[in-house]
Amino acid sequence: MGVGGYQTAMKPNVVLKGSLSFLNLGELLQFLGGSGSTGVLRLSSIYAKVPGYIYLVDGNPIHADYGEIKGMEAFNLFFGWMDGQFEFSSEPVACDKTIRKSRMELILDGLRMVDEGKIEKLGRASASSQFHLTSTASSDIPVIKGPLVDYVYVVDEEEFEGGKEIVVQEKYGNWLWVILQGTVEVVRILPEGYAPINRLTDGAFIGGVGALFPKGNVRSATVRAISRVQLGVLDFERIFREYTAASDDFKRVLMSLDSRLKQVTTHCAEAILKKNEGKADLSDLKLFPVSNTPDDRVHRIRAGRAVIVRQDNKHPIMLCTLGPGDILGDIPFLGTAHEPHSASVYVSKDFETDEINLTDIKQEYDDGSETFRNLILHTATCLSVTTARLMGVLKQKTAE
Amino acid sequence: MAVINLKNRQIECKIVYYGPGRSGKTTNLEYVHRAFKKQVAGRMISINTDGDRTLFFDFLPLGLGRIKGCDVKVQLYTVPGQVKYASTRQLVLKGVDGIVFVADSLTVRREKNMRSLKEMHENLKRMGLDIRKIPLVLQFNKRDLGKKGLPVMSVEKMTYDLNRQLKVPFFPASAISGQGVGGTLTQVLKMTLQYLQQEFKWA
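Quick note, the sequences are listed as chains Y and L, same order.
Here the first sequence stands for residues 342 to 741, numbered as in the working numbering.
Here the second sequence stands for residues 687 to 889, numbered as in the working numbering.
The shape of chain L in the complex, shown without the other chains (with noise of 0.2 Å):
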């Protein structure tokens, strides 16, 4: 749910980078905020996690226009994907706008990929949000470790996995060297404006 902050004339929303621990989650908002370094504003803030960061800034996403008037600012955020952070975690997806979930390419992450989206779904029903319904992008990341001779899933294989139902966007990324982070982010800021727009018709 956009915050409409009417002293700055601002609307405020918030995309979350969601997916099981070490998916590269982080990597992809540190790639973001090096390489978008004029849309960034404000500093980073990481949160030192059980292995994982939680990561904060906002952004400004230049170019997809005004809405109402008002200038849209985006909160980037990570959670942290250990099961013992669940104030975190909800405090985080609470009021979420977009997400992107960061799958691990790895085969033998496959479970914990599943399981986290599942969690993801069920987060989501909690806060009487539908996972079918709110913005929703995948990312299946490090496939550079095929490349290195690592036993990587096919995107084939992911797609069955997890976009079976979904049907959503996906996108083959490495996140360590930013190849997929630009245009992962693209598409998640694209579908979520276009859904507040819908959702409060202000298109």
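Only chain Y is shown next, with the shape it has when bound in the complex (with noise of 0.2 Å):
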């Protein structure tokens, strides 16, 4: 198989597949080294045009492209994915060898150009990692940035000028946009007055897959144009044919995901203009180990609540509560930073779940338009960033 033959290949044989977040690159090369393995690892991410592919050899890199970036140059940028899928095939490779060095010389190359700054990172760690820094109102807010955009789903499009109110809290309306340039501002209010939670720019979607619901209507923030903006206004009633399509275990899916964005943007206003710690209340409430769940399950709650709570120095900090109904444990399509690797699950006595298999969902999703998948992983994407951000106020207040 030639090298820039790789990507309309049939299938391949996929033996091992997770997330970047949870397994970084140096590590992951490490493992299939230490197994002597040969294949192609294949690495995607939302923030990345097209996907990365290393070709290994009994466990040692040889060749490595990123579209049109080849070798040496295209390896080392992948130690910047912070976020990301990766899969690794197993089959017999042959291509030229483009890489000649060891492979810890590699691994450990790669990070030290992390770490001094030659190799830029790609991902949500980076966008929160960027307002942990500063501590001045407006750098502080992280910036969501989105895929390239499906212009089959963009029926019209539409300017605002700088200050301008494209959507406002509490009011009816469920178009949805992506942004084809500019920036705009995701501002939730609340009685003591206006925070702002996040921006948006290229790329990304203003409403989520919210709006999809049955009384999704109601605008849950205010989103206000940073300069000029062009939208593209999305054809609202295309994605709700795919989502009306969709299985009510998938459904459940996308309400739960919406459902904790929405507590955990109100946690973090209240974070940014109230004088809470956000600390959560845990008495009466016991640890559930969603951890133990086998990877292709999840579970659904039949009865009780769920109390989803992450560790700061001081104390758990409250993320959100679910219901009968909501769906907890790891998607991995979804790559929330949520349990089970960023969040611990607290359940009420009462608490009852049934288990579902992931296989079908992650085949629906795997099926939808790109848009629809978009749509739902900007979601994800602003779940993840928001829960950064309450975490980055928190942080900032108790060192205040």
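By construction, these hints were calculated from the structure, which means they are not laboratory data.
Even for Gly, the Cβ is constructed at its ideal location relative to N, Cα and C.
Just so you know, not all the hints are guaranteed correct.
[To be verified] Label pairs and their computed distance ranges (CB to CB):
no. : chain 1 : residue 1 : chain 2 : residue 2 : range
1   : L       : Arg850    : Y       : Pro433    : 51 to 61 Å
2   : L       : Asp847    : Y       : Ala435    : 25 to 35 Å
3   : L       : Gln725    : Y       : Ser624    : 55 to 65 Å
4   : L       : Lys693    : Y       : Asn354    : 40 to 50 Å
5   : Y       : Glu409    : L       : Met813    : 33 to 43 Å
6   : Y       : Glu511    : L       : Asn734    : 53 to 63 Å
7   : L       : Glu805    : Y       : Glu409    : 40 to 50 Å
8   : L       : Met813    : Y       : Lys736    : 19 to 29 Å
9   : Y       : Lys736    : L       : Lys770    : 19 to 29 Å
10  : L       : Glu805    : Y       : Asp589    : 46 to 56 Å
11  : L       : Arg752    : Y       : Glu409    : 42 to 52 Å
12  : Y       : Glu461    : L       : Glu805    : 55 to 65 Å
[Said to hold, decoys possible] Chain Y residues, not near chain L, derived (Cβ > 12 Å throughout):
no. : residue
13  : Asn365
14  : Met413
15  : Met423
16  : Lys438
17  : Glu446
18  : Glu502
19  : Lys505
20  : Val509
21  : Arg560
22  : Asp576
23  : Asn617
24  : Ser624
25  : Pro657
26  : Asp671
27  : Lys690
Using the supplied hints, reconstruct the complex from the two chains, each of which is provided in its own coordinate frame.
And the structure:
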């Protein structure tokens, strides 16, 4: 198989897959190296335009490509991918050797370049670390960028001048836009004032999966243009048809995701505007070990309530509360920054769940149109970024 | 956490030389690489990091026996001392089985030693490891500089500063001439293998 033709080749024999935010490239290459694996490692990220490929023979990388970029240059770039997915397919590799250094040297050198800032970090980790660094009001706000826009779903274009409100909190409307150019700010309004939550720029959506639900047409935040923005109006009917055709479990995953985002956004706004520490009250609750769940299963809550918390230096911080019908567990394609890796779950005494199989849900997701999937991913990214912002705001408060 | 490589029937464990920048971690490993040639497997990999070099090579500790029929391969690493190399340090420290903390005997480096030890403690804690449980050996390096008239701290003072609570084995050393290097390595290897045997009930 030729190197350039890999993308168009038939479905490979995938033997290992997962998330780079859990197992980073350095660790992954050590693992594949230790087992002397031969095959192709495919890396994908919503922050990258195309997937990247690393070709391994007997556990050692011999070639890499990322679009037009080949060899060492491409290989080193991948160390900056903080979020993303990997898939390793075991198969014979026949391509020219462009990488000649030893595995450990490549890994240590790649990480050195990340630490020295010579390789750009790609992913939401970079967005959240940026806003941790500074303390002035506007630079504190994380910016979310989206993937390339699929114009098939854009039915019209609109422009807004800087300062104009595109969406107004509490007003009705279920239009969905994708930002073609420019930056907008998402603001949650509380009686205490305005709390800027995050900023969205090229490729990101205005409106999330919540717009698709019954009674989902009340806007939960205000969105205003920071600069002159050009928006693409999305074909709502077409996306809505895809949503209505989905299975009940798939819909529950989306509703649960939206519910989390709304709650975390509220907590974030409260943390910005009020003096509370965001501490979760865990009395009468017990720890629920989500990490013991098999990889291909998640929980659907039947009774009781679950509280999702993340630990900061001092307290467990309340992220959201889930109830009957909500979904708990690790959904790999969403890659949210909640349980099991980045948050814990506490449940009430009457808590009961059913297990649901992820295989069908994953298949439904894979079968969805690119725009539908991007809308879901965008909501998941907003959830991760807003969670990180909440923790950042609270951390800053403690420091003060 | 040692890795059992079923393919080669080898137990791979990781020993890291930690310490402030320029305390002599690299000099230690360079000496080991030269002096224990027969036990070194493969070439030494050296990455130039600011103010330091990060070294790595495989080491086969002869004479320490096999565990459950598996050979033991030790990976020896240094970490880059500078603060900015967080990702490199994390990867190197991840799964560490034994640590040599190389302290600088020069009086002016006193605070750097203490700060580096504290940082190592925090890094280990973040990985769920307990500094009081993990095999750890201290080395008070650059003893030779005292003879050259430079102000160095006494071994007692360094023990008080760094080892008052830990109470781990320590070695005065002069890595540039090799004095104390072998003793430090042998001690950490012995402790690491004992620890692994206990941990996995391999013994």
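Evaluation of the provided hints:
no.	hint	verdict
1	L:Arg850 with Y:Pro433: 51 to 61 Å	holds, 58 Å
2	L:Asp847 with Y:Ala435: 25 to 35 Å	violated, 58 Å
3	L:Gln725 with Y:Ser624: 55 to 65 Å	holds, 58 Å
4	L:Lys693 with Y:Asn354: 40 to 50 Å	violated, 20 Å
5	Y:Glu409 with L:Met813: 33 to 43 Å	holds, 39 Å
6	Y:Glu511 with L:Asn734: 53 to 63 Å	holds, 58 Å
7	L:Glu805 with Y:Glu409: 40 to 50 Å	holds, 41 Å
8	L:Met813 with Y:Lys736: 19 to 29 Å	holds, 21 Å
9	Y:Lys736 with L:Lys770: 19 to 29 Å	holds, 21 Å
10	L:Glu805 with Y:Asp589: 46 to 56 Å	holds, 51 Å
11	L:Arg752 with Y:Glu409: 42 to 52 Å	holds, 50 Å
12	Y:Glu461 with L:Glu805: 55 to 65 Å	violated, 27 Å
13	Asn365	violated, 8 Å
14	Met413	holds, 15 Å
15	Met423	violated, 10 Å
16	Lys438	holds, 18 Å
17	Glu446	violated, 4 Å
18	Glu502	holds, 42 Å
19	Lys505	holds, 42 Å
20	Val509	holds, 43 Å
21	Arg560	holds, 40 Å
22	Asp576	holds, 42 Å
23	Asn617	holds, 27 Å
24	Ser624	holds, 27 Å
25	Pro657	holds, 18 Å
26	Asp671	holds, 20 Å
27	Lys690	holds, 30 Å
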